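*Asks:* Under our numbering, the sequence shown has 680 at position 680, and the numbering climbs by one with no breaks.
In short, the hints are calculated from the structure, not lab data.
No experiment lies behind these values; they were computed from the predicted model shown.
No residue lacks a Cβ here, since even glycine has one placed at the ideal position from N, Cα and C.
Among these hints, one or two may not hold up.
[Said to hold, decoys possible] No more than 27 Å apart at the CA atoms, straight line, and that leaves these computed lysine-lysine pairs for DSS-like:
1) Lys20 to Lys53
2) Lys648 to Lys565
3) Lys561 to Lys648
[Claimed, not checked] DEER-style ranges, computed between Cβ atoms:
4) Asp232 to Ser72: 46 to 56 Å
5) Lys20 to Ser479: 37 to 47 Å
6) Ile195 to Asp572: 51 to 61 Å
7) Val262 to Glu701: 52 to 62 Å
8) Gly646 to Glu697: 25 to 35 Å
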Amino acid sequence: MTSPAGPPPTGGGSEQQRLKLLAVTACPTGIAHTYMAAEKLAQAAASRGIDMKVETQGSIGAENVLDDNDVSNADGVIIAADKDVDLSRFVGKRVLTVGVAEGIHHPEQLIERVRSAPVHTAGAAPAASASGGGKERSVAYKALMNGVSYMIPFVVVGGLLIAISLSLGGHTDPSGGLVIPKDSFWMDINNIGVIGFTLMVPILSGYIAYAIGDRPALVPGMIGGWIANTGDLYDSKAGAGFIGAIVTGFLAGYLVLWIKKVKVPKFVQPIMPIIVIPIVATTALGLFFIYVIGKPISWVFEHLTDWLSGMTGTSAILLGAILGLMIAFDMGGPVNKTAFLFGTGLIATGNQTVMGMCAAAIPVMPLGQGLATLIRRRLYTEQERETGLAALFMGCFGISEGAIPFAAARPAQVIPANMLGGAVAGAIAGVAGVEDAVPHGGPIVAVLGAVSGVPMFFVAVLIGTAVTGLTTVTLVDVSERRRKGAAPVAGLGVAGPLEPALVGVGAGAAAGGAAGAVVAQRIVASSSAPAAETAPTGTPSAGAGADADTNTGVLCGYLTKRTVKVALDARDKEAAIREMAELLARTGKVADLDELVATALRREEQGTTGLGEEIAIPHAKTDAVTAPVVGFARSAEGVEWGSLDGTKARLVFMISVPEAAAGDEHLRILALLSRRLMDPGFRERLIAAPDEGAVLEVLSEVR
1 MTSPAGPPPT GGGSEQQRLK LLAVTACPTG IAHTYMAAEK LAQAAASRGI DMKVETQGSI
61 GAENVLDDND VSNADGVIIA ADKDVDLSRF VGKRVLTVGV AEGIHHPEQL IERVRSAPVH
121 TAGAAPAASA SGGGKERSVA YKALMNGVSY MIPFVVVGGL LIAISLSLGG HTDPSGGLVI
181 PKDSFWMDIN NIGVIGFTLM VPILSGYIAY AIGDRPALVP GMIGGWIANT GDLYDSKAGA
241 GFIGAIVTGF LAGYLVLWIK KVKVPKFVQP IMPIIVIPIV ATTALGLFFI YVIGKPISWV
301 FEHLTDWLSG MTGTSAILLG AILGLMIAFD MGGPVNKTAF LFGTGLIATG NQTVMGMCAA
361 AIPVMPLGQG LATLIRRRLY TEQERETGLA ALFMGCFGIS EGAIPFAAAR PAQVIPANML
421 GGAVAGAIAG VAGVEDAVPH GGPIVAVLGA VSGVPMFFVA VLIGTAVTGL TTVTLVDVSE
481 RRRKGAAPVA GLGVAGPLEP ALVGVGAGAA AGGAAGAVVA QRIVASSSAP AAETAPTGTP
541 SAGAGADADT NTGVLCGYLT KRTVKVALDA RDKEAAIREM AELLARTGKV ADLDELVATA
601 LRREEQGTTG LGEEIAIPHA KTDAVTAPVV GFARSAEGVE WGSLDGTKAR LVFMISVPEA
661 AAGDEHLRIL ALLSRRLMDP GFRERLIAAP DEGAVLEVLS EVR
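Build the full structure now, drawing on both the sequences and the hints.
*Replies:* Set out below in C-alpha cells:
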C-alpha cells in the first residue's frame, strides 16, 4: 500500500526532512531520450540536495525499477514519458505527467512543479502536462495504436497457422472448397489458427478501451469486440469485423470514463472498478450494439446482396471492380462478406466467374501491404516490417486479414490503397473470364487447381498488389510530409511519422509507440534505428580485425582512431554527413558511400537527429556498410542541425549498421552514450581533447 501524499517537506537539513522524489522516463524508441531525461532529472535533483531515483523504461527493458519501499517513502513522482506508464503503483502520491522532452529541457521546473502536483487516485487517468513541450497526440490515436499493437500477434499467429494447415493438409474437394480432412493433425493446427483469428477482433477492441479507461474498460471492450464480430447476435450473416471492434473499443473506453465521474457512496467505491463499472459498461455497450448498431449492419448486408444480384448481367469489368472494392474495404466485415458470399453462392449455379473476381482481389491487401514494407522500409517500424513479411505469406494463402493491422493503424491511407488494388485485380480477372470453383482466394487456389485461366489470374493479383503497395507508400509518405510541414513531429522521444507511441506499454504492451508533438527531436526513428551485431563491450565487431587500431577502439570497438576527427570542416548538415560518411569509409566497411549519405539524409527528413546541448547523432541502417561502425567529429563553429534548443552541433557522432545486423548491443551503447553526453563535464572533456587518442580516452568512460 502506498501512503497518501502529505504536505511537501521543507527540504531542511535533517535526513527526515530531505525531499525524496521518484521519476520514470520513457520514449517510444526507448533509446537515447529515455536516458537523457533520466540523467538530467538526476542531475537537477542532486544539485538541490534532493534524493531521486529514476526508473528508465528503455528498449533493453526497465532498469533501476522502483520498488514498493521507494514508492511508500516518496514525496512525489515525475513521469517524463511519451508512451503510457502504469500509474497504479503510485496511488496516493503526487504525480506529474509530462513528455520526455520536458525531462530533458526543464528538469528543474519539474522538480518544483511536482511538489504541488495532484494526488493520483485509483482508476484515474494520467493527468496531462499543462505546459508545452512533450505534448502528445490525441488519446484516441494512441488508444487505436495500443489496440493494434496487441492485435498484431494474434493476426500473425492465427494467419500463419491457417496458411500452414491449408498448404500442407488442404486439398480441393469435388463438392467445392479447400478441405482439410477432419480429425487430422492439420485440422487441429487449423483450429488453433482460427482461435487466434477469433480473438483478434476482441483484443483490438479491448485494448483500445483499456488505453482510454484503464483496467475497468478491458472487459466491456473485449466483450463488445466479440459481439461486434459475431453477426448472429444481431441477425447479420457477417460480423462488423475490425471496424466494428474499433467502434466498440472507443465506446467502451469513453463509457467507462463517464461512469467513473459518477459520485457514489464511499462504501461502493472499492467495488466500482472490479464489479460495478465492468458490469454496467458491458451490459450497456452490448445491448446498444445489438439493438442499435447491429441492425443497420444487417440491413446494409442484405441490401448489398440484393444490389449485387441485380448486376450479374452488367459489364464484367465493372462488376469485378465493384467486388474488388468491397472485398478490400473491411477485410472480413459485412461489406467484404457480402461480396464473398455473393460469389460463393453463384458457384452452385454454375457461374464461377464472379468467384474468380473475388479470388483475385482477396490476396491483394496483405500482399500489397507486405510489398509496401519492402519497397519503403523507412516508413515502417521494425514491428510493422515483420508484420509485413507475415502478411506476404498470408496473402499467398488468401488470408486477407493479414492487412488488418496496417488498415487499423493508418485507415486513411491503407484502406483507399487496398480498395484501388482490389478493384484493379477484380476488373482484370473479370475481363479475362477467370473462374474459381471453390469459395476461397489467393494463389493457393490456383496452385491446387481450382482456378481456370491461371496466367491471367496471377496477372490480376500481381498488378493489383503493385497498385496497392505503390499507392500505400505514396499516401503514407504524403501524409507524413504534410504533417511534418505543419509541425516538427519527430520529437524528442516523441514518435515521428514512423513510430506511433503505443499506450499500455507500461502494462506489457508490445513495443512501439507514437505521439507526434512539437517538441525537441528524437535520436532514432524505428525504421532507421541502427542495429549492431551483438558483441561484448570493449570487443571489436565482426570485421574489425582488419583495423590496425582495433585494440584502441571504444564503444564495443565500433569507434577507433580511424573514425575520429577533431576538426570537422563542413559548415552545413548535408556536408557534415558526407564528411562523416567519408570518415567511416576509412575503415573499409563502407561499400557504397553515396548510398550511406543518402540513407542518413533520408533519416534527417523524418526529423532532425540534433539532440540539443550541441550534440547530433546522425545514423543509417543500410547495406551500404558491411559491418557496424561509429564515427565522431568535432566542429569548432558548430553545424546548424535543427535542434529545438537552437544550439549548433559541435559534437557529432555517426552510427551506421547493415540491414542484416542483429542484437541490442548498439542500443546499450546509445543509452550509455546519451546518458554520458548529458554530463557537462564529459562534453567539455570531449571538446577539449587535443587529439584522436585523447578523444578515445574520454569516450572510454562510456561503459
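*Asks:* For each hint, tell me whether it holds in the structure or not.
*Replies:* Hint check results:
{"no.": "1", "hint": "Lys20 to Lys53", "in the structure": "holds, 8 Å"}
{"no.": "2", "hint": "Lys648 to Lys565", "in the structure": "holds, 18 Å"}
{"no.": "3", "hint": "Lys561 to Lys648", "in the structure": "holds, 24 Å"}
{"no.": "4", "hint": "Asp232 to Ser72: 46 to 56 Å", "in the structure": "holds, 51 Å"}
{"no.": "5", "hint": "Lys20 to Ser479: 37 to 47 Å", "in the structure": "holds, 45 Å"}
{"no.": "6", "hint": "Ile195 to Asp572: 51 to 61 Å", "in the structure": "holds, 57 Å"}
{"no.": "7", "hint": "Val262 to Glu701: 52 to 62 Å", "in the structure": "holds, 56 Å"}
{"no.": "8", "hint": "Gly646 to Glu697: 25 to 35 Å", "in the structure": "holds, 31 Å"}
Violated hints: none; the structure is consistent with every hint.
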